[in-house]
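Colleague: If you read the sequences in order, they're chains Y and W. If you're matching positions, the first sequence starts at 1 in our numbering and goes up one per residue. If you're matching positions, the second sequence starts at 1 in our numbering and goes up one per residue.
Honestly, I wouldn't trust all of these hints.
Claimed, not checked - Here are the simulated distance ranges between beta carbons:
| # | chain 1 | residue 1 | chain 2 | residue 2 | range |
| --- | --- | --- | --- | --- | --- |
| 1 | Y | Gly-175 | W | Arg-23 | 53 to 63 Å |
| 2 | W | Gln-25 | Y | Ile-108 | 41 to 51 Å |
| 3 | Y | Ser-76 | W | Ala-75 | 31 to 41 Å |
Source of the hints: derived by calculation from the structure; they are not laboratory data. In this text, a Cβ means the ideal position worked out from N, Cα and C, and glycines have one as well.
Residues per chain, in single letters:
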Amino acid sequence: MSTTMDDTDTKRRLARLEAELSCAREETSALRTRLDQIEGEHRACAAQYVELEQQNLNLTNLYVASYQLHGRQERSNVLAAIKEIVINLIGSEELIVYEASADRRELIPIDSFGVDESALKSVPFGHGPIGETASAGQLYVESDKKDFTAAVPLKLGDDVVGVVAIYSLLPQKSGLCPTDMDLFDVLASHGGTALFCATEGEKSPDGDAS
Amino acid sequence: MKKKILLVDDSKTVLLMEKMLLRKQPYQIVEAYDGSEAVTKSLAEMPDAILMDVVMPKMTGLEACRVIRERAETAHIPIILVTTRGEAASIEAGYTNGCTDYVTKPIDAIELIEKLENAMGQRALHMAGA
Numbered sequence: 001m002s003t004t005m006d007d008t009d010t011k012r013r014l015a016r017l018e019a020e021l022s023c024a025r026e027e028t029s030a031l032r033t034r035l036d037q038i039e040g041e042h043r044a045c046a047a048q049y050v051e052l053e054q055q056n057l058n059l060t061n062l063y064v065a066s067y068q069l070h071g072r073q074e075r076s077n078v079l080a081a082i083k084e085i086v087i088n089l090i091g092s093e094e095l096i097v098y099e100a101s102a103d104r105r106e107l108i109p110i111d112s113f114g115v116d117e118s119a120l121k122s123v124p125f126g127h128g129p130i131g132e133t134a135s136a137g138q139l140y141v142e143s144d145k146k147d148f149t150a151a152v153p154l155k156l157g158d159d160v161v162g163v164v165a166i167y168s169l170l171p172q173k174s175g176l177c178p179t180d181m182d183l184f185d186v187l188a189s190h191g192g193t194a195l196f197c198a199t200e201g202e203k204s205p206d207g208d209a210s
Numbered sequence: 001m002k003k004k005i006l007l008v009d010d011s012k013t014v015l016l017m018e019k020m021l022l023r024k025q026p027y028q029i030v031e032a033y034d035g036s037e038a039v040t041k042s043l044a045e046m047p048d049a050i051l052m053d054v055v056m057p058k059m060t061g062l063e064a065c066r067v068i069r070e071r072a073e074t075a076h077i078p079i080i081l082v083t084t085r086g087e088a089a090s091i092e093a094g095y096t097n098g099c100t101d102y103v104t105k106p107i108d109a110i111e112l113i114e115k116l117e118n119a120m121g122q123r124a125l126h127m128a129g130a
């Protein structure tokens, strides 16, 4: 009699424990689902943060580039700003800055960084990627060669006043990114205007570039 | 209290860029334009960290790094070198001269802030354990 009662009691306790275990399993499963959800939200937030920081970096680059170009009145300082933008913001230590000749038939090298002096030669308009950039007024980006990256027209309105030829990128840079394309735009429009204004300013009798 | 960061570069473009990237952080910024000025200001200002270019006139970043490390008063200051060349030899030269860490150009904002905070955090841990 007593044994039967014990069995019944044990069975009842076992059933209750099984029910509790089932509840606990359901709760664990719900918590796991919620954890996965939170982890997903966290990953999305992190990705959004990185994207916002990238946009912020992009805007900062553009602000710094245009500020540096327009903040300098002397021709030598404008050229220094162009070089600093290519070296520090785009990431290349090999560049030549060309200026269009008065008759607009050739490009004359006026400044450079990290390239052999033997490379500093005039380039006729329409000749090769650099000359073609001058005659077409369009950015040229090289996708195949590693020793030449881009030719950026320096423009005053629709006129090309010069070209910046950018050769190898720094070893840690695997290629051009969207920010670089925006920086090329700033160089093309603001760099050309700044170089023209500084040059004209120095030609004027009082040498005032403003 | 704001942490003081000494930015050292001969390029105004880079200095402006660094200031813009760090402007949202609770930092007080001090500037120097070459390695020699960095050595002087590191002693006068006692910054919490130094962010320094490698190639500069008068005294390079590597030389300045070594001098700052050799002086007892400034030996503890974390120094992050900003290097154009990311090759192993350049980085090795930085560590040989006593830098804490390095970033390569073009500077990545997230990487820069992480490395600055890490360097200053390690310094704080070291001080707490001393």
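Colleague: Compare the structure with each hint and give your call.
Modeller: Hint-by-hint comparison with the structure:
1. Y:Gly-175 to W:Arg-23: 53 to 63 Å: Between Y:Gly-175 and W:Arg-23, where Cβ atoms are some 29 Å apart, the hint is violated.
2. W:Gln-25 to Y:Ile-108: 41 to 51 Å: holds, 45 Å
3. Y:Ser-76 to W:Ala-75: 31 to 41 Å: Between Y:Ser-76 and W:Ala-75, where Cβ atoms are some 40 Å apart, the hint holds.
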